[in-house]
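Trainee: Here are the chains, one letter per residue:
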Amino acid sequence: MEKRVTFGRWTIGILFAVPQLILIFTFFYWPAGQAVYWSLTLQQPWGGGNIWVGLDNFRSILANADYWNSITASMIFAGISTGLAMVIALVLAALTDRQLAGSWLYRVVLIWPYGIAAPALALAFRFILAPEAGFMAVVNKVWPGFWDPGLDGADAMASIIIAFSWKYVGYNFIFFLAAFQAIPRSLIEAAAMDGSGVIRRFWDIQFPLITPTIFFLLVINITESFQDSFGIVDIMTAGGPANATNLMVYKIYSDGFKGLDYSGAAAQSIILMFLIIALTIVQFRFIERRVHYR
Amino acid sequence: MASITIRGVKKNYAKTQVVHGVDLDFASGEFVVILGPSGCGKSTLLRMIAGLEEISDGTIAIDGTVVNKLEPRERGCAMVFQNYALYPHMSVAQNIGYSLKVAGVPAAERAERVQAVARVLELEHLLDRKPMALSGGQRQRVAMGRAMIREPKVFLFDEPLSNLDAKLRVQMRSEIRKLHRRLNATSVFVTHDQVEAMTLADRLVVMNGGRVEQVGTPAEVYSRPASRFVATFVGAPAMNMLEGTVTLDGLSLLGDSRKLNVSRTGLAVGAKVAVGIRPEAVRMVAPGTPGALEASVDLIEELGAGRVIYVDLDGAPFSIVTSETVHPEPGSTVGLQFAEADLHFFSSETGGRLDVFKATVPEPAL
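Taken in sequence, the protein lines are chains L and F.
If you count the first sequence from 1, position 249 lands on 248 in numbering that gives the first Met the number 0, and the numbers rise without skipping.
If you count the second sequence from 1, position 358 lands on 357 in numbering that gives the first Met the number 0, and the numbers rise without skipping.
Next comes chain L alone, as it looks inside the complex:
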């Protein structure tokens, strides 16, 4: 039986929890509650009173083709960038796990991209992927018109996917490497004695044993690709061209703070919240079953 420290009176326990509760309430429940309230009313752009409209905000959003376009763009962005960030990180971590001299260096260096603010890295990628100068200009010279994120929606989408994936490869790598390292060496050796080659060992032994980590990262990456993409979109494409990269989180911002439609934006954020909750539930229901917890 585990030994526990208990408080004599429940009030002391509550007092210890109060700072955390205040933080959660002030920065999560209060704004979320406010958003729900706004989504059910029509707010005046410059303040001063509102009208209760029930679900009218939701009806008008869901009837809008632009909004559905935004959902599609968000899904494409989430799918491809999560896939890229995870696969690249997995391959890098698997290779690093085999030759570990100086692994501390990889760990330190590869966490840095995650520490960079999204707008800062977006600015960097805006220069790197600029069609008029640098590497892409050379490519454009060979194949004229090959790359222009300012005109071509697909190019713009590719740009923000590259920037976002780059940031999350480092984050995923750290977790994957730790997961690989946690597999006892003797398991790999036993598989080698059983006649299994490097690739076979990866699929038969290592991959099944890191599925808990893969699942965790999948949930985190998809959630973050819906939320953390704002800074990148704002700096690199501002939702364009022709709404091609107008992701849900960016549309909330532009409708709310540029279009001054607070109520519509609030309704959109409620929808985004439910979408992420739904996606997470789906992942837990259908993917977690295939995870081998040790």
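Certain hints may be false.
To be verified - The calculated label-pair distances, taken between Cβ atoms and stated as ranges, are:
1) F:Leu182 to L:Ile276: 56 to 62 Å
2) L:Glu287 to F:Asp127: 20 to 26 Å
3) F:Ser37 to L:Ile21: 50 to 56 Å
4) L:Gln282 to F:Arg180: 51 to 57 Å
5) F:Glu301 to L:Leu104: 57 to 63 Å
6) F:Leu69 to L:Ile286: 38 to 44 Å
7) L:Ile198 to F:Gly351: 49 to 55 Å
8) L:Trp202 to F:Gly305: 53 to 59 Å
Unchecked claim - Selected chain F positions facing chain L (Cβ under 7 Å, derived; list incomplete):
9) Pro71
10) Arg72
11) His88
Claimed, not checked - Which chain F residues stay away from chain L? Per the calculated CB distances, all over 10 Å, these:
12) Leu167
13) His179
14) Gly265
15) Pro289
16) Glu300
The set of hints was computed from the structure by calculation and includes no laboratory data.
From the three backbone atoms N, C-alpha and C, an ideal C-beta is built for every residue, glycine too.
Once you have looked at the hints, place chain F on chain L.
Mentor: Only chain F this time, still in chain L's reference frame:
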């Protein structure tokens, strides 16, 4: 069935050398135990045979083929690991059958062979379980099954019993022995447990500090240890060692405080030696008996069938194993007697065994 030939094998990690040139020959079908304290290089040697560790220098040949550059799977060895190394996400049947699956054996034949192995190891009712749901002894048997199913030329065991409790260890020991008799594959078993080593081995290899100290049958190693290290490492309680100097009429022990009359040893007068005597070879007699060494009793360990009596010989620890029902009081004085033939002499400088003219000497009680 395969012979193993090891020639001048060395192992370096960066700057430190852990195996300093080992030469060994294991005959086909032999059960060899490599015994040594932790860090002596025994596991490293085993892993070099298996192909899990690069060989820095020298050659290892299995059945006459040098295997230095071969992958583990090409060497025809199977290995049982200390922590069993069972695949946690696979069932017992999948664990045992994994090597066959890798080799592309059809599912039906695979299932049949897994069944056959499971029958031998009495695992049939556990085939669907995951390793998590097995006891230590069962896991051990699954690990054995995984090695057996490949019908390997060579079995390698890396301290496979050290994670089991004492009772299970004894049981698995005899099972391994039976299994070897049945399969008759060349087996190399690494352990630091000398009881395990003595009971299992056809031939014993004692290693220390990356070198082979002695190779021989368990009886040979016990009765004629080749070095001071082997003498004190093999046998429990350890062999008693007394520092001494050879004199004209015998030995002076413990810095001249004791004298021991022994017949001519053939050793140079004045030579520094260590004299070893097994605790089992010492007889307790009444103090004052002529020729007996006197010592004071420190501690008695009751073993049921016998007892270990620890005595103090002018500050030197000394132990006696006796099955007689004697119970000397701690602090009392006893006399110690032993036959000259039971004495072992080792060089104080090199630690190597010094052979004396024992055979020609009649056996006077000292």
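Trainee: Going through the numbered hints above, which ones does this structure break? Give me the numbers in ascending order.
Mentor: none
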